[in-house]
Structures are given as structure tokens and as C-alpha cells.
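Undergrad: Sequence:
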Amino acid sequence: MSRRYDVIVIGAGIVGNPLAVVLANQGKSVLLLERDLSEPDRIVGELLQPGGVHSLRAMGLGDCLEGINAAPCYGYKVIIPGTDDASKAPHPDNILRSHDAVLGQNVGYGFHHGRFIRRLRERATTTEGVTTLEGTCTSLIKDDSTGQIRGVNVSVKGRGEDIQLFASLTVVADGCFSKFRRDYISTPVVVKGHFVGIELRNCPLPGAEHGNVVLGNPSPVLFYAIGKYAGEEGPVDQDGNRIWNEIRALIDIPGTDMKKATGGDLKGYLETKILPQLPLGIQPSFRKALATSRLRSMPNQYLPAPTQYTTFPPGLILVGDSQNMRHPLTGGGMTVAFEDVRILGEEMANLKPAELSEDSKVRSVVRTWMQKRLGVSGVVNVLAMALYDLFAAGDDPNLKTLRNATFAYFEVGGNCVTGPVSLLAGILKSPLSLVSHFFAVAVYGTYIMVREGGILKAPFSLVRSATVLWRAASIIAPLGWKEGWAGLR
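Each step along the sequence shown adds one to the number in full-length UniProt numbering, with nothing skipped, and position 202 is 202.
Please note: incorrect hints may appear among the correct ones.
To be verified - Computed beta-carbon distance windows for the label pairs: (1) S186 to E411: 41 to 51 Å; (2) V463 to N350: 54 to 64 Å; (3) V412 to K157: 51 to 61 Å; (4) S297 to N217: 13 to 23 Å; (5) S2 to E122: 14 to 24 Å; (6) Q105 to D63: 15 to 25 Å; (7) G264 to N217: 12 to 22 Å; (8) G62 to E39: 17 to 27 Å; (9) S155 to P188: 26 to 36 Å; (10) A349 to Q105: 22 to 32 Å.
For the record, the hints were derived by calculation from the structure and aren't laboratory data.
Glycine included, C-beta positions come from ideal geometry on N, C-alpha and C.
Build the full structure now, drawing on both the sequences and the hints.
TA: What follows is the structure in C-alpha cells.
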């Protein structure tokens, strides 16, 4: 194999595979380096929003969603539980309120992460110009005089040897636990809690072929289909709709210390605290999964993107979760990733292979990419973090007011539903629209508060309204600043 390439991509995951394909199709030689090429088994990267589907297809990789039993997702069903105790449930199916938010002709997909990665890797390894190597990148090669990244030191799997590989450009795409991030990004990663994942079988969801969000106490629980048993079509419900056999449940455990939050008994916490709040139709499958399935967890992390074009050394780019993360509540991570690859690929097409070593031209490309990506990343990231604050409101009365106002806003219908859902889905690429809907929710919440309080409570309601509006601003303004809205053109 060659020791020199135009581009070295570290990580053959959600970002690395499509980026290698896109760059190779431009005539650039690419080394795709992956520590472990076996099919991964993870509880993240299982839900792709419609915007991500569009980006994947725009790169010519839409067929990677085929042959993996991907389950269509046409929108969301948001559910407020009827009670914390199913034995005392005064509401049908233990649901107090629910609302469907649909995506029209746009569709997302749920699937097993490993199967999807396998398909992406198949495309990358069969693309002319891509060389795949299984090995661990132990360090980056840096020019001591200029600071430029020249390539990588690699411990090749199964060979017992370390080799040096060189490239004009090195792209780090090694995911949320990036080993190289700390060397180039000073901003600390913020852990907002953990998602505990289990897989349910033959579980009828209240919202068939939808993502189901249960606004539990103290935090939300997500359910979405990720596939079916091999060779089976699966049962149908009373309306003839298919019940997808494989359902992912993600339970949010707030706080940085999961052991402390669950009293040291995770399974007991899920059985006694979470299960009674779930819709009755879900509870048998959930209970069975707790008894038979392995409980796995992942931290819910937030990291705003750095200004790479001013702070990074020549010859280096970070893409994907290695440089930017958001709460996984909305399932927007892969959508941001694919849009990043699509935009970066389009900008890189303007550079010939020989120009990849020209720092000024590469920085110009990175600057343009980071500005254009805000249309999706600046929306999806802010929305994910803001919605988590609302859905895990705890005892904050202002957040509870905003959460209830969000639900009431959806019930108005029309653009009050399609607008926010299009933003969440990565279809509407407009931070301004996000701001307008967010404050429309806050204003609508204050209107409801004043209306329900009546004339006698009007002074108190007006004061509360001001605090609610201030709380809304205190959520979205700092997030927008961190995500780089100030740099929007």
C-alpha cells in the first residue's frame, strides 16, 4: 500500500465513510483508517431525520438505507403520562394528552446502527480511490517548524507493526469519544445526563411509524422502531398497521452521576419510577425487556463547534462529533453529520489535490463550510438543547410553563406544528425561524396564563409572564451564541 495520500480520514463511521466516498469521487486519493472494522453494536446513531436522508441521497449514498430493515418514521407523537402509577390511571392507556407532529412527504428512518455502518463501509471500500486500513492512529505527525499536520502514526491491526502515513490533509472523524479533540479544542464537553437503552420486541407504540416521546418525570423517554425480526413481517395492530418488532427505548437519566440519580439500582429505578408512567400498551414489553435485555448507557453530551479556520494548525480538520455535539433527544446527530459532509464535500470540490497543501485555500474552504453548516447545525443543536431543558423541566415553574405552552402551540396546528417539526427534522434550515417559533411559544404561554388567571390575577400573571419570557431568552440566546449565530450572513 502507498504511504502517501491526498487525504487521511481517521474513523470509518457515520462521517468518515461518506466523506471518503465524496472526496475520492473528486479524484482525491483517500486513506480511511478505522480501529475496528467489525460491525458495531451501539445504542446511538439509530434514527435519521428527513434532512439527513436528503443529504445522504444528495451524496449518492441513499441506497445505504436499503437492505437493513430500516423502519420509516413519519413524525412524532408527544405524550404526557396520565399518572405516575398505572394502577391508578384515570386516563385511557395512561395517556393524559398527546399530539402527533407529522412530516408530510418527508420521511426519516430508524435502524440498527451497526447494519447502517456496514452498508456505508461497503460503499467506501468499493469506491475507487479509497484505501481502507484497520489500525489505531496513535498520534498525528506534526512539522515542528511550521506546526502543520503531515500525517499519522498507525499501529496496524494484526501486523504488530507501527507505520507512518502521510497526507496533505488529515481529517479527524473519530466520534464523540475523540482521542484527538482535547489537543485542539479547549472548550470542555458538557454532560447533560445519560441515555439508558434497551430493545423491546413486539411492542405496539401509540404512534405507529412515529418517534414516541413520553414526557415523564423527571425526564423524557423515547421510543422508535429500528427494524423487524429477520425474515418476518411482524404482527399488525387493530387498525391493520404493522407493529415493528424491534423498538428502541431510550430513558434519560438526568445529572452527571447516573449511580446517584438511580440510587445505585438502575433496573429498580426503571421498574418503579419509569415503567408506571409509560402508556399501558408499552408496559408489558418494557417489563419483559428489563428482565431479559442488557442495559446499556451513553452520556448525553454538548459541545459547540470551534472556529477551526482560525485556531487549528495547517493540514487538520475535525468533522462530526469530534468537534460538535448536541443532546440526542431529537435524534439530530446524523442529520448534522451528513449535512456537514455534503457541504464540506461541495467546498472541497473546488480544490485540486495539489491545492490541499496550501493552507490559505484550505482555511477558506473550512471557513465557508462552517458558515454554511449553521443552517442545519445551528438549528438542530439549539433545538435539541432547548427542548431537553423544557422536557426535563423538573421543579422550575417557568420551564413547566414553557413546556405546556409548547404542547398547546402544537395543538393550534398549521405552521405551529409544521414549522417546529421541519426545523427539528433538518428540513427548514433557518435559525431565524427557530427564534420566531421559540418566542411565539413563550408569548402564547403567557397569553394562556393571563387568560386562565382572569382579571383578579392579572397583575400576578403579567409579572409571571415577564419571568417566563426572560427564561425563554436565557435558554436560547446563550445557545445561539455558542453555536455561532453571530457569524451568520
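Undergrad: Given the hint of 17 to 27 Å, check if G62 and E39 actually sit that far apart at their C-beta atoms.
TA: 21 Å, holds
Undergrad: Assuming the hint says 51 to 61 Å, is it satisfied by the Cβ distance from V412 to K157 or not?
TA: 56 Å, holds
Undergrad: Is 13 to 23 Å a correct range for the gap between the Cβ atoms of S297 and N217?
TA: 20 Å, holds
Undergrad: Does the hinted range 26 to 36 Å hold for S155 and P188 at CB?
TA: 28 Å, holds
Undergrad: Given the hint of 41 to 51 Å, check if S186 and E411 actually sit that far apart at their C-beta atoms.
TA: 44 Å, holds
Undergrad: Using the Cβ atoms, figure out if S2 sits within 14 to 24 Å of E122.
TA: For E122 against S2, whose Cβ atoms are near 22 Å apart, the range 14 to 24 Å holds.
Undergrad: Okay, Q105 versus D63 on CB: inside 15 to 25 Å?
TA: For Q105 and D63 the Cβ distance comes to about 20 Å; the hint holds.
Undergrad: Can you tell me whether the CB distance of G264 to N217 sits inside 12 to 22 Å?
TA: 20 Å, holds
Undergrad: Between V463 and N350, does the beta-carbon spacing fit 54 to 64 Å?
TA: Since the Cβ atoms of V463 and N350 sit about 55 Å apart, the hinted range of 54 to 64 Å holds.
Undergrad: For the range 22 to 32 Å, tell me whether the beta carbons of A349 and Q105 fit it or not.
TA: About 29 Å separates the Cβ atoms of A349 and Q105, which means 22 to 32 Å holds.
Comparing the model with each numbered hint stated earlier shows that all of them hold.
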